[in-house]
Every structure is written in C-alpha cells, then in structure tokens.
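Residue numbers (full-length UniProt numbering), protein chains in the order written: chain A, 1 to 456; chain B, 1 to 456.
These are calculated hints, taken from the structure and not from any lab test.
Predicted model, so just to flag it, every value in this text is computed and none were measured.
Treat the hints with care, since some could be wrong.
If several chains are the same, the list does not tell them apart, and a pair holds so long as it fits within one copy or across any two.
Claimed, not checked - List of simulated lysine-lysine pairs, DSS-like, C-alpha gap at most 25 Å:
| hint | residue 1 | residue 2 |
| --- | --- | --- |
| 1 | Lys435 | Lys219 |
| 2 | Lys219 | Lys272 |
| 3 | Lys65 | Lys87 |
| 4 | Lys102 | Lys49 |
| 5 | Lys272 | Lys243 |
| 6 | Lys38 | Lys102 |
| 7 | Lys102 | Lys65 |
| 8 | Lys102 | Lys404 |
| 9 | Lys38 | Lys49 |
| 10 | Lys65 | Lys255 |
| 11 | Lys281 | Lys219 |
| 12 | Lys402 | Lys46 |
| 13 | Lys435 | Lys126 |
| 14 | Lys255 | Lys281 |
| 15 | Lys126 | Lys49 |
| 16 | Lys102 | Lys87 |
| 17 | Lys65 | Lys219 |
| 18 | Lys49 | Lys219 |
| 19 | Lys49 | Lys65 |
| 20 | Lys404 | Lys435 |
| 21 | Lys87 | Lys126 |
| 22 | Lys126 | Lys102 |
| 23 | Lys243 | Lys281 |
Number of protein chains: 2
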Amino acid sequence: MFHLALVVCSIWVKILTFLNIKQLEYAALARRATQIQKELSQGVRKPYKELTDVCWGDPHSLGVKPLTFVRQVLAACVYPELMSSHKLPLDVRQRAQWLLGKCEGGSIGSYPASAGIPEIIQRMSKSIARRDGGVPCNPENVFISPGSQWSLTVTSLLLTSLNDEAPLRTGILIPVPCHVTTITSITSLGAAVVPYFLSEEHGWALQVEELQRALESAKGGCNPIALYVINPGNPAGYVQSRKSIQEVIRFASEKRLVLLADEVYQDCVYGKNSEFVSYKKVLAEMGPPFSDTVELASFHSVSKGFMGECGLRGGYVELVNLDPNVVNYISNLNYDTTSVLAQFALDLMMNPPRPGDPSYPLYNQVRNAVNAICLPGLSCQPVEGGAFVFPRVFLPPRAIQKAKEEGMQPDTFYCMRLLEETGVLITPGCEYRQKEGTYHIRYNIKNKLNSILLPH
Amino acid sequence: MFHLALVVCSIWVKILTFLNIKQLEYAALARRATQIQKELSQGVRKPYKELTDVCWGDPHSLGVKPLTFVRQVLAACVYPELMSSHKLPLDVRQRAQWLLGKCEGGSIGSYPASAGIPEIIQRMSKSIARRDGGVPCNPENVFISPGSQWSLTVTSLLLTSLNDEAPLRTGILIPVPCHVTTITSITSLGAAVVPYFLSEEHGWALQVEELQRALESAKGGCNPIALYVINPGNPAGYVQSRKSIQEVIRFASEKRLVLLADEVYQDCVYGKNSEFVSYKKVLAEMGPPFSDTVELASFHSVSKGFMGECGLRGGYVELVNLDPNVVNYISNLNYDTTSVLAQFALDLMMNPPRPGDPSYPLYNQVRNAVNAICLPGLSCQPVEGGAFVFPRVFLPPRAIQKAKEEGMQPDTFYCMRLLEETGVLITPGCEYRQKEGTYHIRYNIKNKLNSILLPH
Numbered sequence: 001m002f003h004l005a006l007v008v009c010s011i012w013v014k015i016l017t018f019l020n021i022k023q024l025e026y027a028a029l030a031r032r033a034t035q036i037q038k039e040l041s042q043g044v045r046k047p048y049k050e051l052t053d054v055c056w057g058d059p060h061s062l063g064v065k066p067l068t069f070v071r072q073v074l075a076a077c078v079y080p081e082l083m084s085s086h087k088l089p090l091d092v093r094q095r096a097q098w099l100l101g102k103c104e105g106g107s108i109g110s111y112p113a114s115a116g117i118p119e120i121i122q123r124m125s126k127s128i129a130r131r132d133g134g135v136p137c138n139p140e141n142v143f144i145s146p147g148s149q150w151s152l153t154v155t156s157l158l159l160t161s162l163n164d165e166a167p168l169r170t171g172i173l174i175p176v177p178c179h180v181t182t183i184t185s186i187t188s189l190g191a192a193v194v195p196y197f198l199s200e201e202h203g204w205a206l207q208v209e210e211l212q213r214a215l216e217s218a219k220g221g222c223n224p225i226a227l228y229v230i231n232p233g234n235p236a237g238y239v240q241s242r243k244s245i246q247e248v249i250r251f252a253s254e255k256r257l258v259l260l261a262d263e264v265y266q267d268c269v270y271g272k273n274s275e276f277v278s279y280k281k282v283l284a285e286m287g288p289p290f291s292d293t294v295e296l297a298s299f300h301s302v303s304k305g306f307m308g309e310c311g312l313r314g315g316y317v318e319l320v321n322l323d324p325n326v327v328n329y330i331s332n333l334n335y336d337t338t339s340v341l342a343q344f345a346l347d348l349m350m351n352p353p354r355p356g357d358p359s360y361p362l363y364n365q366v367r368n369a370v371n372a373i374c375l376p377g378l379s380c381q382p383v384e385g386g387a388f389v390f391p392r393v394f395l396p397p398r399a400i401q402k403a404k405e406e407g408m409q410p411d412t413f414y415c416m417r418l419l420e421e422t423g424v425l426i427t428p429g430c431e432y433r434q435k436e437g438t439y440h441i442r443y444n445i446k447n448k449l450n451s452i453l454l455p456h
Numbered sequence: 001m002f003h004l005a006l007v008v009c010s011i012w013v014k015i016l017t018f019l020n021i022k023q024l025e026y027a028a029l030a031r032r033a034t035q036i037q038k039e040l041s042q043g044v045r046k047p048y049k050e051l052t053d054v055c056w057g058d059p060h061s062l063g064v065k066p067l068t069f070v071r072q073v074l075a076a077c078v079y080p081e082l083m084s085s086h087k088l089p090l091d092v093r094q095r096a097q098w099l100l101g102k103c104e105g106g107s108i109g110s111y112p113a114s115a116g117i118p119e120i121i122q123r124m125s126k127s128i129a130r131r132d133g134g135v136p137c138n139p140e141n142v143f144i145s146p147g148s149q150w151s152l153t154v155t156s157l158l159l160t161s162l163n164d165e166a167p168l169r170t171g172i173l174i175p176v177p178c179h180v181t182t183i184t185s186i187t188s189l190g191a192a193v194v195p196y197f198l199s200e201e202h203g204w205a206l207q208v209e210e211l212q213r214a215l216e217s218a219k220g221g222c223n224p225i226a227l228y229v230i231n232p233g234n235p236a237g238y239v240q241s242r243k244s245i246q247e248v249i250r251f252a253s254e255k256r257l258v259l260l261a262d263e264v265y266q267d268c269v270y271g272k273n274s275e276f277v278s279y280k281k282v283l284a285e286m287g288p289p290f291s292d293t294v295e296l297a298s299f300h301s302v303s304k305g306f307m308g309e310c311g312l313r314g315g316y317v318e319l320v321n322l323d324p325n326v327v328n329y330i331s332n333l334n335y336d337t338t339s340v341l342a343q344f345a346l347d348l349m350m351n352p353p354r355p356g357d358p359s360y361p362l363y364n365q366v367r368n369a370v371n372a373i374c375l376p377g378l379s380c381q382p383v384e385g386g387a388f389v390f391p392r393v394f395l396p397p398r399a400i401q402k403a404k405e406e407g408m409q410p411d412t413f414y415c416m417r418l419l420e421e422t423g424v425l426i427t428p429g430c431e432y433r434q435k436e437g438t439y440h441i442r443y444n445i446k447n448k449l450n451s452i453l454l455p456h
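Taking the hints into account, I'd like the entire structure generated from these sequences.
Structure below.
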C-alpha cells in the first residue's frame, strides 16, 4: 500500500538525474555546438553558414509549420473577437465556441476543473474508442497532464511505491535502444532498469525470447513489475505488428507485469505495410482472461505526432485494469498543472477536421506530407514510424582508436566530426544504449534537412 | 543537506491533503450548490434564476473581461498570420514578433529551454528592478513555474528537507486568516503550521508581538524555520506599510527565519493611502546586515492581479540570499512544466504597454477600473488590496445553536442559508482559521455582483 510520507519526489529527482546524465556524452557535443554558433556569429569561416540541430523531436524548432486549423482555433479561443470576422473558417469558429463554452465565464483565463475540463476528457475518450474500432474507453480512466513524460513518471512512481515493502527494489523492463529521459525517469524513482535488446537485424523487432532472457537476468537483483514498450519506436523507427503486440501482452499476463505503452508516435507511421494498432485494442481483441486482467497504461502527447506542439505542454495517460489505488491517486495528479490551451490542443489532436469541414482539405494535405527519407551510405533498418532514424555506423579501427585517445565513445567522436565539418548536430547512439561493439547515430527526420545528412 | 531519496513528493501529498481538507466545511456548501444548479436546470422555482459563485479568485469565471492587449499579443503568437493585417495595433504586433523571436524556429510549438526562455526571464528581472526603484534583480534568481502555489510548495519542500535531520519537525509561521491551500501546502510536506493572528481591530495588521508570541508557542513542538506573509492580504484585504515590513524583516533576521513573501496581489491595491512596497525593496533599503543576510522568497503569478489569467498556469519566485543548495535545486524545477504561452503572459504582465504605445489608453482604462466596494450591514475592515473581502458576521445565539444542531460551523450555516435564499455561494471564515468565537465570510470582489451580497 501507499505510504505517502515515503513517496519519493519523482519530479525533482528525475530532473536532477536527467541533468546529470545529459552531462555525459551529449554534453560535450552540445558545448562544442554552442562554441561553433558563437564562432559563426563572430564571422569565423566554416564550410557551413549555420548550425543545424536535429537531435530532438521538436519539429517546429526545425521549421516545420504548425497546423493551420489548430492555431486558428487556439487563436480564436485566446482572442474571441477574431470570431466576429468571417476570415476564419466556419468549423474553426464553431470549434472555438464549443471549447470556450466549456470554460467558466467562457474564458481560457478561468481555472479549469482540477482534474481537467470534463467535456474535453469525454470527447477524448470517444476519440480513443473510435481509434480502437469501438473498444470502449471510460473517461474516468483518462488523465491529462503537462506531457506524456510527466504521466509516465508519476505512473511509474505509483507502481514503485506500491511495491516499496518488497525486499528487492522495483524493476522495469526497457528496450535498448531507448530514449535517455525514459531511462532516467525510471532510475530516478529508485527503480532498476532491466534492459531488453531490440533485434536490429529484424527491423528492431521486439522478441519475446529476449524479454524472457531479460527477466531471467533480473532474478535476485530486482523485482520486475512493469514492462515499458514504445510503439512506434524511438529512437528506432519500427512499428509493432498486431502479432508482436499479442505476444507481448501474453508475456506480460504470464509474468504479471504492468504494460507501460508509450504510444506518442501513433500518428507517425510511414511504412507502406505498417499500421498503428494500439495495445488497448489488441488487448480487447484477445478477450478474457487477458482483456480484464492485464494492466495497461497508454501514453500520448500533443508534442509528438504530426502536431508537434511541444511548447503547449499537454499529454494524457489512459489506464486499463489498473489497481484502483493507482487510478485514484493519478486522478488527482493534474491539479493546477495543465493549462487550458494544452487541454484544447488535446481536443484538437484527437478530433481533427473531418471530410466536408472547411478546414479539412488543407489539414489533410499537411497531415499527409511526410518528408521523403534519404539515407544512402549508412546501414539503416526501414523507418516505419516515429520521428527519428537510428542508423548503424561502421567505423574503421583507426577512428575507434582516435576516439579512445580523445576520451570519447566512438559514435560521439563521429558526431563531433560531423558537427565540425558540416555544422549538423546529431546524437550518438551511446546515449540510448546499444549492443556492445555496435555504434549508431540518431536524428530527427521531421525536417527539411535530411539530404545533408550523408556520411563522408 | 539534501537526501534525495527522502525528499517527499510534495506535489502529490499536497494535492491529496488539499482535497481531503476541502471536504470538510466548504464541501457541504459545494455539494448543495451543485444540487441547486441541477434543480434550477430542472425548472424548480427559486427566488433567483442562477447560481452565483464568488468563492474563488477567478475573475474571468465571473465575467471579468481579459485585457485586450494581453489576448491580442497571445493570439498573434499562436497564429502569426494575424500580424500580416493591420487590425492589430503596432505595439501588439511588435511584442508578438519579439516573443516569437525568442522561440526556436519562431514558434510557440517548440520546446522552451528547460529553465524557461532566457530573454523573458531577463526582461522579468529588469521589470522587478524597475518596480523596486532600481534595486538590482539577478535573472539567475528568478524561476518560472506553472503557478505561485507550485513555487511556494517546492520552496517550502526544499527548506523542510534541508532540516530533515533536526530532532523536531520543521515549522512555518502562517497568518490567521490564511488561504486553505497555503496551509495544506505546508502541512502536507510534513511541516507544522505555527499560526499568528492578524489583528482585525487594527485593519488586520501584522504585529511583531504576535509573531513573538507565536514563535514562543512553537517551542518544544517544532523547529520554526520560515515565516509566510501575504501582502496584499488574502482573505483579508490589507496592504502592509513599509514600517510594518521593516519590523517583519527585523524579526526574521533576529530569529533566523526565511521570509516567504506571497506578493501575488501586488497589482491589486485600492486603498487611497495604500501603496504596495515589495519585501525585496524594503530589504534593500535597510542595508547590511539585513540586505545581505535575510533569506527571502517572493512569489507572483499571472492568475492573480489585474490579469487574472488563471487558465494559463504561470508564475514565478524570486530568491534573495537563499542557501545556494536551494537555489540550485529550484533552478531545475521548471523542467517541462510551464507552457510557452504562460511564459509570454509573464512577460506581458511585467512589461505592460507604456504611455505613447497604441495599446496604452485602453489598457490603462481597464487597469484602473476597480469595482466599487459596497458592504453595508457587515463589519468589515477597509479593503486596501487583494481580490477578497473577509467581513466579520455577528450571528445571533439562536443561529449558532441551530448551526450546532445541524453539525455545521456557525459561519458555514450562514453561507448555506445565503446559498439557499439567494443562490450566492461564498466561503465560510472557518476555512481560513479565525479567532475563536468570531465568524467571517470571504468572497471575491473582482466581479460585478457586489451589490447583491448584502446580509438579510
């Protein structure tokens, strides 16, 4: 059970640990990038005129334009006088009216209800049910927050504190490669990370035998209670098949692991034969005993996907079959943290314009404009989804030797050279963990600069 | 020193405790108000047609209009296409351009720097220095957050954890009356609340002898480390004089207490002879040893004051002379919680249009339109500032007897009767603590309904 006085302040610790970890490999690159930027501004001549940072999943910072429909609705909500003119499409004005009607006094300036605006959460639930072909979604299980990472951290925190009397510390299975913030979210809670390796040779597939091996490896060291999956992937851009998800659910059921399904890239699927299917949907399809016992938390965000509204700070988690204690605690988590506009953005993401709406044609056109991916010269698994590529780089022994002499990981060395010679800042694979002896790089593909990212 | 693993998750505990406390006196009123609203919607006849809730500091929910300048700038930032027309005043467009220029990719959709947008924090610092007649403000001591309550909680949390090895638990002095969320923020951290009574007879003055008495009363029970003051007041609408502030600073210095100065109502001063002077300014004026030793945290927010943008979730704390450990930890607190628009709103609050700017005349007119306060029949100290009145109600013994029979505090009983008979929802004084045998009510004066709030 919960012991409030002992619950660790996840948010704080997470932040601090995160900052420390960031100081390892990436920080050397970031420092050099700052210097280069300064040198460029002082007129130092280089083979490039500006620095290009494609490390992060931050499309707007890379020049990707926001969705017009989203920004028009939000602007009309901020300044309702805009609705008196007919310059904004009818569906924009109608949506803004609807959203403002759910605010006390009709203003985004009034306090939203502590747990979020009820009508917005109800609509989000309907939209989740629609996404899943009719699988019901209870609005009481949907919890908004200032971002999916926040939701993941507090969910993990509660699961960890549920087990704080166990003799061994809590463990959570995580994929390798995995985003550094996820790893630090977990370790900062005092929980252990139990790595399972995705199979690069098989398109970064998630293999149950490997989950089994990872679980065995944890024996005696920690008490694994949850399995974190990210689909579509980050940094590796795979999309899980229904069959793969079924296998994972069966495994979680058998081993009594809570499934933490990071589905923030659900709207970013490019593979011709790939399709996003949610864990929730597959779970429902599998029927009892799975559908009413396997504990699942699914995360989503307005920062990722095609909206890319990272600055608004909005996300949610849907909880299925979770311990009522956890649900009850999370139901209070949102108090006073998620802005009204972030809640509106969730509504807009999950209820986009439909065919026939005035805003639909433009929205649909931008929505489908996925940049072509061009990566000759690197060994890279096909990118089926997500916002990143994670190609493998094969470095000559001399480069590896040189990296050692300079006290860097070989892939950090590669990134540093790329930065010096081209002004392009990418992230080394060692930030995400990788199989020993392999080297990777990660960069964002949701920008217009792919073609310059060719290895020399 | 800090023991991260032992730092209590303040946010969570705060929320839960807050919700529990709210369930005491106010909840009965809120439940009845919900019923009344339902009855009204079902056509039940009552002496009023709608429910009027003036419990909270939420001006927009009560029909107060947002500031045009603020909303125009934010709308232009959300939807920059608006700037191509000349319908928006020049200073609005210029400000929006400036703000967007501080975002990566020129979009509010990109991630802000972890600790906030540096240029905005620099401007906020300059504005604080201007407010204080030139007393310098170091931007490295200003920390943005999703609200002042958040900042207060984490500051208190850090101060408390700094003392977690002391044999007695930490104590924080708080005024009576005091807002319930402040009390619960403190108690939820495991700290003790040490109440000092404001003197109603002297216009709710803060008297040093009373601080002395309160401190004495804590002896053996807890270890007081901080003194919380709110100026201008809430729920009592006093404004502290410079002399009063000097006395408090001297007291804090002598007793080595950290000053937690809640100054969120600094822009709400109505008293003819009242003027807001910040604790920071008075501290600087007093010179050494005070100015370089007394530890001060000053809180502000876009929710309070004349902007009343509660839905945007933005605030800040400025730290003066604080333990570098605390400053260092707080510097990381904002990670990924405060939206870009909340940061913009802070800039707009602290750098309003100036005389000569196109937006100035309208801005100034609205800014100065303070509602007249009309309160015959109740004993109420003059309201000099803040957003609330806290009049004393004198109840006949029969009413007190009746309240007892119904299991309510006498002032809750009064509020319940007012709700039934007029449809107006206000808060009983017992929610804020009060001297035994006295009864009060609190309601918001930043709305257009004052005249209906006359006692029967």
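Here's how the hints hold up against the structure:
no., hint, result
1, Lys435 <-> Lys219, "within (21 Å within a copy, 60 Å between copies)"
2, Lys219 <-> Lys272, "neither (40 Å within a copy, 73 Å between copies)"
3, Lys65 <-> Lys87, "both (20 Å within a copy, 23 Å between copies)"
4, Lys102 <-> Lys49, "between (49 Å within a copy, 20 Å between copies)"
5, Lys272 <-> Lys243, "within (17 Å within a copy, 74 Å between copies)"
6, Lys38 <-> Lys102, "between (48 Å within a copy, 17 Å between copies)"
7, Lys102 <-> Lys65, "between (28 Å within a copy, 17 Å between copies)"
8, Lys102 <-> Lys404, "neither (59 Å within a copy, 38 Å between copies)"
9, Lys38 <-> Lys49, "within (12 Å within a copy, 65 Å between copies)"
10, Lys65 <-> Lys255, "neither (45 Å within a copy, 56 Å between copies)"
11, Lys281 <-> Lys219, "neither (31 Å within a copy, 60 Å between copies)"
12, Lys402 <-> Lys46, "within (23 Å within a copy, 85 Å between copies)"
13, Lys435 <-> Lys126, "neither (41 Å within a copy, 51 Å between copies)"
14, Lys255 <-> Lys281, "within (21 Å within a copy, 62 Å between copies)"
15, Lys126 <-> Lys49, "neither (49 Å within a copy, 33 Å between copies)"
16, Lys102 <-> Lys87, "within (24 Å within a copy, 28 Å between copies)"
17, Lys65 <-> Lys219, "neither (49 Å within a copy, 61 Å between copies)"
18, Lys49 <-> Lys219, "neither (53 Å within a copy, 66 Å between copies)"
19, Lys49 <-> Lys65, "within (23 Å within a copy, 48 Å between copies)"
20, Lys404 <-> Lys435, "within (18 Å within a copy, 72 Å between copies)"
21, Lys87 <-> Lys126, "neither (30 Å within a copy, 39 Å between copies)"
22, Lys126 <-> Lys102, "within (17 Å within a copy, 37 Å between copies)"
23, Lys243 <-> Lys281, "within (12 Å within a copy, 66 Å between copies)"
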